[in-house]
Amino acid sequence: MPVFISYRQKDRQVAFAISEKFRANNIKYYLDVVDEESLTTDDITSVITKNIQRCTHLIAVISANTKGSWWVPFEIGEATIISRRICSYAYKTEGAPLLRSTIDIYKSFLPEYLHKWPILVNERDIDAFIRQYKSDKEESITLESLGSISSRLESLSARGADQFHKNLKASL
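Numbering (the numbering used here), first residue to last: 370 to 541.
A portion of the hints provided could be inaccurate.
Claimed, not checked - Below are the SDA-like pairs computed for lysine to any residue, each with C-alpha atoms no more than 20 Å apart in a straight line:
no., residue 1, residue 2
1, Lys503, Met370
2, Lys397, Arg423
3, Lys503, Tyr398
4, Lys535, Leu483
5, Lys419, Phe443
6, Lys503, Gln532
As the list claims (entries may be wrong) - Cβ-Cβ distance ranges computed for the label pairs, FRET-style:
no., residue 1, residue 2, range
7, Phe443, Phe478, 14 to 24 Å
8, Glu463, Arg528, 38 to 48 Å
9, Ala465, Arg528, 34 to 44 Å
Treat the hints as calculated values from the structure; they're not laboratory data. Glycine included, every Cβ here is placed at the ideal spot set by N, Cα and C.
Work out the full structure: start from the sequences and follow the hints.
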């Protein structure tokens with residue numbers, strides 16, 4: 370159950386900080402630094418698609434820098450098509466840090482489609498994501514140990530993704 374971390378190169382430090390948090394919590398992730406496969410292939414979209422298919426979750430790092438990216442929206446779209454658990458980690462590149470109490474102001478600058486999924490704004494929110502991720506993973510392992518393949522597939526389906534989003538939003 371790896372997590373795909375989507376980001377623009379200008380937001381690399383934030384993406385790395387998230388990946389370090391995942392590493393500390395034994396969560397597998399995919400973070401495209403400078404993937405040699407991406408450098409040698411003519412079709413980077415197939416590399417992205419393949420890696421999103423391997424992951425169950427996607428976190429998109431969103432800032433003012435994201436406006437200039439073609440790939441972050443593409444990756445979110447790919448994850449949406451295959452019912453991955455999606456959330457955004459929104460942060461300000463300048464000025465005071467983004468707070469949960471001011472998220473509604475910031476949300477007015479985000480593309481409306483991002484409002485559908487949880488928006489994380491701080492380390493506490495990343496911790497909530499990690500707790501929900503681990504809960505999902507435990508449920509998946511339990512269902513697998515019971516031999517319920519169809520239940521496991523359902524938990525990883527759109528319905529399972531919707532439940533993940535609902536639970537994570539409630540914990541923020």
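Now the hints, each set against the structure:
no.	hint	result
1	Lys503 to Met370	10 Å, holds
2	Lys397 to Arg423	11 Å, holds
3	Lys503 to Tyr398	13 Å, holds
4	Lys535 to Leu483	14 Å, holds
5	Lys419 to Phe443	13 Å, holds
6	Lys503 to Gln532	14 Å, holds
7	Phe443 to Phe478: 14 to 24 Å	20 Å, holds
8	Glu463 to Arg528: 38 to 48 Å	40 Å, holds
9	Ala465 to Arg528: 34 to 44 Å	39 Å, holds
In this structure, none of the earlier numbered hints is contradicted; all agree with it.
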